[in-house]
Amino acid sequence: MAELALIFVGSVLVNNFVLVRFLGICPFLGVSREIDTAMGMGMATTFVLVLSGVATWLLDYYILAPFGLPFLQNVAFILIIASLVQLVEMFLQKTSPALYRALGIFLPLITTNCAILGLAILTVQRDYTLIQTIVFALGAGVGFTLALTMMAGIRQQLQFADIPKPLEGAGIALIIAGLMSMAFMGFSGMIAM
Amino acid sequence: MHENLKLIVVLGLIATISGGVLAYVHQTVSPIIEANKLGPLRDAIYEVLPGATAFEVNTLDSSSGEGPTIYQGTDDSQEPVGIAFVAVGSGFGGPVEVMVGLDTAARTIVGIKVLDHQETPGLGSRIADPPFTGQFADKSIDDDFIVDKDVDMITGATISCEAVASAIKNTVRQIEPVLRAGGAW
Amino acid sequence: MRNLRKEFVKGLWNEHPIFRLLIGMCPTLAITTAATNGLAMGLSTAFVLICSSTIISLVKNIIPPKVRIPCYIIIIATFVTIADLLLAAYLPDLHTVLGLFIPLIVVNCIILGRAEAYASKMPVLDSFVDALGMGIGITWGLTFLGGFRELMGMGTIFSQQILPAGTTSWGIFLLPPGAFFTLGITVGVMNQINHILEHRRTERTSVEPTMAGQTAES
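Which chain is which? The protein sequence lines are A, B and C, in order.
First residue of the first sequence: 1, per the working numbering; consecutive thereafter.
First residue of the second sequence: 1, per the working numbering; consecutive thereafter.
First residue of the third sequence: 1, per the working numbering; consecutive thereafter.
It is worth saying that the hints were derived from the structure and are not from the lab.
Note that CB positions come from ideal geometry on N, CA and C, so glycine has one too.
Honestly, I wouldn't trust all of these hints.
Incomplete in silico selection of chain A near chain B, CB under 10 angstroms [to be verified]: (1) N15; (2) L69; (3) P70; (4) F71; (5) L72; (6) V75; (7) L79.
Now the stretches of chain B that chain C is said to cover, found in silico as 3 or more residues with beta-carbon under 8 angstroms [claimed, not checked]: (8) 15-23; (9) 81-94.
Please take these sequences and the hints and turn them into a complete structure.
Shown next as structure tokens:
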């Protein structure tokens with residue numbers, strides 16, 4: 001249990017997927033203008049992270065590893081993730097129009113979010129069990145949502161700031177991300193893994 | 001129906017070609033990759049056990065089942081020169097892996113080499129540099145390995161230094177009884 | 001022929017994938033801790049981009065539109081795995097450093113983006129040239145960022161001492177925040193340079209229209 005808690009806190013704070021590991025930077029810069037959309041994106045990503053974490057774990061454990069096919073890992077994982085995202089989209093559209101309206105527009109963007117494939121590969125590298133994988137995915141998702149929402153909060157305030165012209169948009173966003181990343185470095189060493 | 005069939009055939013065809021190409025490439029390069037994996041380990045063993053020209057993996061059946069693999073180093077005339085093993089400590093950024101060479105008769109460390117770490121560049125990362133690693137040569141394993149007393153510390157990198165010192169100490173304490181029981185000490 | 005040159009040049013500056021289009025940010029930030037790493041990552045990405053763009057352009061007519069994305073993904077992932085295996089076999093040290101970010105080339109938006117927006121519509125030669133230009137653009141971008149961070153963080157470029165020994169090095173440039181700062185400022189500087197260039201061009205057009213026509217052609 002303590003180990004699971006460590007994995008969770010580790011992936012939310014110490015090794016934050018966005019600010020320390022650099023996974024999922026594209027949505028972090030692209031979908032962080034408003035807090036509401038940032039939250040939506042964060043939740044959709046967390047949902048897919050957990051689902052695809054489980055799916056790729058099962059695929060690796062029951063098919064790739066027993067048959068000695070680790071070199072097909074990349075192709076198989078990305079296909080699973082792409083089809084999973086498609087399925088989730090269709091499923092939500094049919095069963096829960098409200099949820100689909102909230103998360104739907106983010107789903108197509110998620111396939112190419114490196115956090116998803118990165119998580120799948122990391123869990124295999126670390127020999128995580130299924131439970132550990134779920135906790136790790138959940139932590140990664142929460143960490144992603146946290147970073148995205150904080151970023152959106154800061155950028156909303158920045159609308160009224162006088163930013164040097166060349167740094168408008170991406171430039172200032174990256175520099176803020178750097179400052180946030182410095183703050184998150186304060187967590188390093190907190191947990192000895 | 002015909003349309004769907006075409007979808008399946010094309011997708012299947014591409015997937016098959018992909019699998020075939022990858023299997024071929026994998027088969028061609030996997031011996032080299034396997035050899036590469038052994039390379040750094042072998043180099044590290046020879047580095048921490050100067051004089052060793054060969055080593056064998058000690059397959060002692062330790063009752064605990066836990067513990068590192070022991071590499072028994074031998075010189076040209078097949079005389080044992082010492083043992084080497086990987087000790088793992090928890091550093092500031094993650095695990096710190098150290099290859100340790102031991103002279104079992106003299107009960108001293110021959111040399112150490114940091115294999116892997118994620119410590120802060122410029123601070124903790126200096127545990128891998130000779131000024132730090134060099135001080136362990138000829139150190140008695142009965143030492144207490146207390147940082148800043150028995151082990152010179154790197155300023156600003158207490159945790160990283162402690163990770164190395166305690167990894168060595170703990171692992172030696174752990175393997176000695178097992179090796180003695182097996183008659184390899 | 002002129003058309004091909006334009007396709008090639010655009011990836012080097014005007015439509016530079018990293019600094020202008022801001023895509024493929026994850027490896028850009030993560031592995032540019034040294035010039036060598038940036039160069040290796042750039043070349044690996046360029047290899048995958050060039051191979052997959054060419055192949056996709058070759059087979060674009062037999063792929064039904066409905067399954068084109070899965071097909072592209074398989075082709076890209078295949079080349080990524082080949083690059084991964086080759087690096088592991090022949091450059092094991094670099095393979096360890098780049099680690100996770102080699103398989104992640106699959107989801108680098110540059111590659112799928114070029115496949116979908118360009119290679120799936122254009123002839124093979126055009127796609128090849130387009131990918132080559134973009135590939136070189138990525139490579140110089142990553143090498144530049146890696147070199148800058150290495151210089152500030154360790155005083156070296158390609159492991160050669162550049163700053164006088166003993167100069168205080170700024171370790172922060174090797175850490176995650178340094179990656180964000182370096183890229184943010186580089187993007188800002190690029191914007192400023194472009195702004196100045198554009199300013200000059202408009203000035204020249206208004207004064208000497210013939211000159212401007214010539215520069216555009218040369």
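Hint check:
Hint on A:N15 holds. Least Cβ distance to chain B is approximately 9 angstroms, under the 10 angstroms limit. Checking A:L69 against chain B by beta carbon gives a least distance of about 9 angstroms; that is within 10 angstroms, so the hint holds. Hint on A:P70 holds. Least Cβ distance to chain B is approximately 9 angstroms, under the 10 angstroms limit. For the restraint placing A:F71 at the interface with chain B, the shortest Cβ-Cβ distance is roughly 4 angstroms, inside the 10 angstroms limit, so the hint holds.
This hint holds: A:L72 has a C-beta 6 angstroms from the nearest C-beta of chain B, less than the 10 angstroms allowed. Because the smallest distance between the Cβ of A:V75 and any Cβ of chain B comes to about 6 angstroms, under 10 angstroms, the interface hint for this residue holds. Satisfaction of the interface hint for A:L79 is found here, the shortest Cβ-Cβ separation to chain B being roughly 8 angstroms, below the 10 angstroms cut-off. Requiring three or more residues with a Cβ within less than 8 angstroms of a Cβ of chain C, the coverage given for the segment 15-23 of chain B holds, as 4 such residues are present.
For a cut-off of 8 angstroms, the count of residues in the segment 81-94 of chain B with a CB near a CB of chain C stands at 0, and the three-residue condition is violated.
Consistency with the previously given hints fails for number 9 only.
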